[in-house]
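In order, the protein sequence lines correspond to chains B and U. All residue numbers for the first sequence refer to numbering that gives the first Met the number 0, where the first residue is 0 and numbers rise by one. All residue numbers for the second sequence refer to numbering that gives the first Met the number 0, where the first residue is 0 and numbers rise by one.
Incorrect hints may have been included.
Coverage of chain B stretches by chain U, computed from C-beta distances (three or more under 8 Å per stretch; other residues unrestricted) [unchecked claim]:
# : region
1 : 37-51
2 : 188-196
3 : 199-205
Hints are computed from structural coordinates only; laboratory data are not their basis. Just so you know, even glycine gets a beta-carbon here, dropped at the ideal spot from N, CA and C.
As a plain string of letters, each chain reads:
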Amino acid sequence: MSGTLRTQVGQLARRSVLRTMRQPAQIVPALVFPLFLLAVNSGGLKDATSLPGFPTDSYLTFALAVPFMQGALFSVMNAGTDLARDIETGFLNRLALTPLRGAALLSGLLAGAVVLGLVQAATYLIVGLTAGAELAAGVPGALVIVALSISITVAFGSIGLFAALRTGSGEAVQGLFPLFFVILFLSSMALPLDLLQTDWFHAVASANPVSYLLAAFRSLLIEGWDPGALALGFGIAAAVLAIGMFAASAALKTRLVRT
Amino acid sequence: MTRKIALAVAWRSIHNFLTNPAFLAPGILFPLFFFTAFAGGLSAISGAPGFDFPSGYTAFQFVFVLLQSAAFGGVFTGFGIARDFETGFAQRYLLAASNRTGIVAGYVLAALVRALITWAVLTAVALVAGMEVGGSAVDLFGLYGLAVLVNLAATLWATGVAMRVRSIQGGPLMQFPTFLILFLAPVYVPLELLSGWIHAVASVNPVTALLESGRGFIGGEATQVAGAFAIAVVLPVLFALWARGGLKRAEAAG
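Isolated chain B (complex conformation) (with noise of 0.2 Å):
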């Protein structure tokens, strides 16, 4: 990376990380909505358990792979939000004036969402582990999860910045909301995808890349270390990422061009 390039990246990480910690209405919800349905969905579901085939006998320690995926699902709207604020305002128009580059503008705009990955990972796994979910991997586990949260919340965040850029519209981008939400419940997100009795919904479930990421999670969880698992759930991190950035990009020089 040359100089100029990480000087720019540099200036818009440090202002997307401070516009993200300065906004309790972002880190807040991201942190308490999925708290509130891992602590109902795992005292409500307890009796999945006894469900022969059932991977583990508490259900707070598969349903905690759960708050990881909402918790990704918010930073497409937090990031997504912030950027459709910076069209609506007009603050990317006058970047637009600078020399700034594209993927510099990109990649700072996504050090709000690292941070954010990272806040709600490590909140997520101590309070669920102080509840009592189990921890088959251990610390380095705990390590990978961090990063592979980390992964999915940046690569979410890049859809984010699509939309943003696509639609130039703050409402547009929380309209998506709904249909990540979607995404995630049509998951083996309740129930392992060989307990889903349903054959419409397995054959959705099992065609949903939430689903893989769940799993690479619960591995960690559960099972402790599946290379199998953790490899496809970084993999599909890293699909995800490059094609919400090669959009974003492409959609990034549309918006530039029209402004």
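Keeping the supplied structure of chain B fixed, place chain U upon it in accordance with the hints.
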């Protein structure tokens, strides 16, 4: 006169709901989505020891989603009221209406029509999906009657908030408590299968009685009917006072 005001306000809200896909789609699609996700994705739960709901898991979840859509139909109407205040339309209502209670009545009527449309779609989808109905026509009348009262209570709650905050920023204040009280009830399994803190909370949550009674209606084994209807009648009365206070605040603010 009050009736005319109510009908005029209701007509505008219903027209907005039916002609704007951004309002219509979430109102109908969200309950369908929850029904699909819960009834489809969690059907294996019916195999858990002690789960013996006679009409199956689809009907079990249908009741929750019906009451949830009733509550959120009211909350979404509250969003509309807040939007009317932001755009200044509600202030024009306040200026024009000789009896302002008619404005609240109009919003309540609109919320009910909106909920009825959602329930028609939800019920049709549930029946196509193979939902078993063990209850009689009278039982089903009781189930939908409960849903109407829940819709009324939620609308009055959201109206009270919207008229106090008078901005869409009050949305989370309308939505989050509703979400909280619904999900702290026995959503996935009957109350007796819950344990620990969630059992303790669900046992004192008034929504539990509504859910258990609704499930009794659809299963053909009516239960807790008097208690559930008592709660379902008291809640709208309390929230009517709350909404009335909100209206007075909005009047005072001008």
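(message) Output the indices of the hints that this structure fails to meet, ascending.
(response) Result: no hint breaks.
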